[in-house]
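Engineer: Please take these sequences and the hints and turn them into a complete structure.
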Amino acid sequence: MLALPPLAAETIFQIGDFPVTNSYINSTLAVALFASVGLLMRKRAAEIPDKIQNFAESILEVVLGYMDQVTRDHKKSLKFLPVVGSLFLFILLSNWIGIFPGIGSIGRWLTMHGQLELVPLFRPANTDLNMTLAMAVMAITLTHIFGIAAVGVFRYANKFVKLGDIWRSLRKGGISIFVALIEFGVGIIEIFSEIAKMVSLSLRLFGNIFAGEVLLTVLGTLLAVPIGITLPFMALEILVGLIQAIVFSMLVLVSFSMATAELHEAH
Amino acid sequence: MALDPETATVLAKAATIAIGGIFPAIAIGKTASKAMESIGRNPESADKLFVPMLLGMAFAEAIAIYALVITFIL
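Line order of the protein sequences matches chains A and B.
Under full-length UniProt numbering, the residue at position 237 of the first sequence is numbered 237, and the numbers go up by one with no gaps.
Under full-length UniProt numbering, the residue at position 65 of the second sequence is numbered 65, and the numbers go up by one with no gaps.
Since the hints were derived computationally from the structure, they do not count as laboratory data.
Heads up, none of these hints are tricks.
Taking lysine-lysine and the DSSO-like style, the derived pairs with C-alpha atoms no more than 30 Å apart in a straight line are:
| # | chain 1 | residue 1 | chain 2 | residue 2 |
| --- | --- | --- | --- | --- |
| 1 | A | K172 | A | K159 |
| 2 | A | K79 | A | K43 |
| 3 | A | K197 | A | K75 |
| 4 | B | K48 | A | K75 |
| 5 | A | K197 | B | K34 |
| 6 | B | K48 | B | K30 |
| 7 | A | K75 | A | K159 |
| 8 | A | K75 | A | K43 |
| 9 | B | K48 | A | K197 |
| 10 | A | K76 | B | K48 |
| 11 | A | K197 | A | K159 |
| 12 | A | K159 | A | K79 |
| 13 | B | K48 | A | K79 |
| 14 | A | K76 | A | K197 |
| 15 | B | K30 | B | K13 |
| 16 | A | K51 | A | K79 |
| 17 | B | K30 | A | K197 |
| 18 | A | K197 | B | K13 |
| 19 | A | K159 | B | K48 |
Note that this is a predicted model, so its numbers are computed, not measured.
Structural biologist: Right, dumping it as structure tokens:
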């Protein structure tokens, strides 16, 4: 019998009213790891880097190099690095923690839906839609904050509700009024595309990582001795974890740099 | 032929992921093949191509992921 992981993360125990789910435990592990490495780095940061500092600096350099390719402006990259870099590293780390042995197999016997089930103690953090949706909503909200900070409230709002463009076209007159009206409709669609961005960002990450978990579970039960057959798929999962981390953070970065770009005055 | 609900669910799941997998696969394959082609023409563009190629693939792949999510919740 297959013990496929259910879509929603399961509650392991409760602290007061706060349900602690197994994916929350895993994300806390990743955060704790980051925090401890960060505190260690802060204490030991030196002019001549030692091994750990060298490693961290080289990762940051690679990330910044790729960010420069998208933003084409080093100052902007440095501004977005705290958000995009930590999203990338957190997603990467929590994806890779998720394929450790013991994740999804060590568990507690709890009564779920009226019957006793083995509930895994750990579950990859990104197999919880709440987690990925939270990250996506945060990223898109920050996009608008950065956009308003870069071009001002009214000019940024003109991207979505193009009343300013209509006003300008009325003074010009002629065909530009019709163009402005069509652009107004496009602006309304733009609002919906912001919502679609959140949905697709979160579902992409969730779907990929959850599918990987299901795939490994199914393959693990195919043979009596499942060592050989899951190994190449584990390698695939390492790759998928990396690619999804890159894709998520790159898409966030693209929307950041598009929101902060100076708007074109005339078409 | 009458289908009982369980069979219909299984069939719908299989059809969703099978049909939903075809077109994103074609799209991703085309993206990769064009990228390879242009790297072949101009090998120096490999670094510049990587990020846009990955983004294009991500958008195409999203469709497959939607199908997958539907499959899971069916």
